[in-house]
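**Q** Single-letter residue listing:
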Amino acid sequence: MLKSQSLLKDDCADNVIKFYADMVYRLAFARTGTKSDADEVFQEVFMRYIKKQPVFENEEHRKAWLIRVTINCSIKLWNSAWKRKTEPLTETIPFETKDDINLNNELRQLPKKYREVIHLFYYEDMSLAEISQALNRKNSAVRTQLTRARALLKNMLKEDFDV
Amino acid sequence: MFKEKYKHMIDQVHPGDELLCGVLKSAHISSKRKISFFYRPVAAVIAVCICMSLTVPALAAKVEPIYKLIYTVSPGIAQLFAPVQKSDEDNGIKMEVLSAYIHGNVAEIYITMQDLSKDRIDDTTDLFDSYSINRPFDSSASCQFVNYDEKTKTATFLISITEWKNKKIAGDKITFSVKKFLSHKKNYSDVRIPIDLSSVTAAEDTKNVNAMGGGGKDYERYTNKGKATVLKPSEAIYGSPVDDIGVTDIGYIGGMLHIQMGLGDRLKKDNHGSFYLKDVNGNTVNCNCNIYFANKYEEQGRIDYCEYVFDIPREEIKNYTLYGDFNTSDMLTWGNWRVTFPLEQAE
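In order, the protein sequence lines correspond to chains Z and A.
In terms of this note's numbering, the first sequence opens at residue 1 and continues consecutively.
In terms of this note's numbering, the second sequence opens at residue 1 and continues consecutively.
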């Protein structure tokens, strides 16, 4: 029998992966900045999910787990000796407009820890408390990171965007 | 302003189809092998060849087929597995515990199931939830299909046991037993369900049920203390994409499209599936949540249901088509296989 409020075992893993695929991939891309790294992180996150088959209290718990693992995998990827010694691939997402391309390029200038906070706040619509819980950081640390990220963005984007 | 621009940009970011399919395939086989392995096939083959050439010859005379298999998957740990080779036979099928690798509070154990007379074991063999592991410590365990050898009709599985309290488990004994298994499973992907969604109306009859599980971002919105309002299952089947699985009702409740899947023999055969929609451009739309329930418990005639809830307005539903992925099993084999063996630390 399926445990309450949880998508469990094989029959539900498909649903979970399909449902959270975009969320995980976009966060990985926001954090790493390249398609190839996002691919790598995406695989690693769901391999951990498949292998561990974690049980969650509710969907918020599952979402927070996936966000935390995505960030951890992104950090691990970046810290690996292999990564430090290799040149980044130029392959990227074929964005529709020049504004999108410029914005992506500007965001890649931000420190990585700021990019993830920007993404979770502006795209996932998460509150500071939710972000701090998902990333296992202090609320004050997340607030500081978001404030600094906004300041940097304002400086970089100038009058183009109201951050 | 920034939020809209950022959303516009990041909305264009998706995992590629090949990447997503690879991960979904891994979910199906629940393999422990990293997906990146098949993303770098050339490097992987070279790595395996190098490792085989360096390590296998010295052991070749004694190496069992399973060790060759372990070498191909994880050469680094292959030599850490200690042989067990204890077996039990019933109903013309032999179960053998081949080898075990104990490290810290984790035990990894390879077992095989071999059909000695018929064709009941195949490459879809699934121990389902019918295996049990008796051990003198609190632990969690999983069992994964690893490989099938057609010549010997042998399926190999990897069992992983983790003790909860982080203690070393070497020195203990465990008993692994299997009472039944599924085989000859069929996997149907991307099946179009011939139902005219433009004719779907508000649900005529609904039912309050005890939700047995489910998920999705709106799951908690649709359940209250374990109860959920769903379509009343009909006896008629509106569309039966595969044997034992069908659409048992479809309609709108509170502005949300509900599509109900009926699953016969779910507990015996692990029949399962998922519904999703595709728009006119072929884009997939997944449900906001799904809810599992059943008409009765532990009784004859039990039918399991999974209701999928989509956020598609009625005036737009004509632009969508219903699709599904399904898994069924043709054979359930009973027996009594049981092996007790010590968990010994590899030297």
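Everything labelled a hint here was simulated from the structure, so no lab data went into it.
Accuracy of the hints is not assured; some may be wrong.
As the list claims (entries may be wrong) - Which chain Z residues stay away from chain A? Per the calculated CB distances, all over 12 angstroms, these:
#1 K35
#2 N102
#3 P111
#4 K113
What the hints assert, rightly or not - No more than 30 angstroms apart at the CA atoms, straight line, and that leaves these computed lysine-lysine pairs for DSBU-like:
#5 K94(A) x K63(Z)
#6 K225(A) x K154(Z)
#7 K3(A) x K63(Z)
#8 K86(A) x K18(Z)
#9 K154(Z) x K3(A)
#10 K179(A) x K52(Z)
#11 K51(Z) x K94(A)
#12 K86(A) x K63(Z)
#13 K5(A) x K52(Z)
#14 K63(Z) x K217(A)
#15 K76(Z) x K227(A)
#16 K268(A) x K113(Z)
#17 K63(Z) x K179(A)
#18 K3(A) x K112(Z)
#19 K76(Z) x K268(A)
#20 K25(A) x K138(Z)
#21 K98(Z) x K227(A)
#22 K207(A) x K51(Z)
#23 K3(A) x K51(Z)
#24 K18(Z) x K94(A)
#25 K94(A) x K138(Z)
#26 K3(A) x K52(Z)
On a predicted model such as this, the values are computed, not experimentally measured, just so you know.
The beta-carbon is built from N, C-alpha and C at its ideal position, and this holds for glycine as well.
**Q** Against the 30 angstroms threshold, does the CA-CA distance of K3(A) and K63(Z) hold or violate the hint?
**A** Between K3(A) and K63(Z) the Cα gap is close to 21 angstroms, so the pair holds against 30 angstroms.
**Q** Would K113(Z) pass as off the interface with chain A, using Cβ distances and a cut of 12 angstroms?
**A** holds (17 angstroms)
**Q** Are the Cα atoms of K76(Z) and K227(A) separated by 30 angstroms or less?
**A** Violated, at roughly 42 angstroms.
**Q** Check whether the Cα positions of K94(A) and K138(Z) lie no farther apart than 30 angstroms.
**A** violated (55 angstroms)
**Q** If you draw a straight line from the CA of K63(Z) to the CA of K217(A), is it 30 angstroms or shorter?
**A** Holds: K63(Z) and K217(A) sit about 9 angstroms apart, inside 30 angstroms.
**Q** Verify that the Cβ of K35(Z) lies farther than 12 angstroms from every Cβ atom of chain A, and report whether the claim holds or is violated.
**A** violated (8 angstroms)
**Q** Taking 30 angstroms as the top limit, are the C-alpha atoms of K86(A) and K18(Z) close enough?
**A** Violated: K86(A) and K18(Z) sit about 41 angstroms apart, past 30 angstroms.
**Q** Beyond 12 angstroms from chain A, beta-carbon-wise, is P111(Z)?
**A** For P111(Z), whose nearest Cβ neighbour in chain A is about 17 angstroms away, the distance exceeds 12 angstroms, so it holds.
**Q** For a C-alpha distance cap of 30 angstroms, please report whether K207(A) and K51(Z) respect it.
**A** Violated - the C-alpha atoms of K51(Z) and K207(A) are around 37 angstroms apart, more than 30 angstroms.
**Q** With the threshold set at 30 angstroms, check whether the alpha-carbon distance from K154(Z) to K3(A) stays at or below it.
**A** Holds - the C-alpha atoms of K3(A) and K154(Z) are around 13 angstroms apart, at most 30 angstroms.
**Q** Is K5(A) close enough to K52(Z), meaning Cα to Cα at most 30 angstroms?
**A** Roughly 37 angstroms separates the two Cα atoms, so the pair is violated.
**Q** Verify the proposed pairing of K98(Z) with K227(A), using a straight-line Cα cut of 30 angstroms.
**A** violated (50 angstroms)
Comparing the model with each numbered hint stated earlier shows that hints 1, 2, 5, 6, 8, 12, 13, 15, 16, 17, 19, 20, 21, 22, 23, 24, 25 and 26 do not hold.
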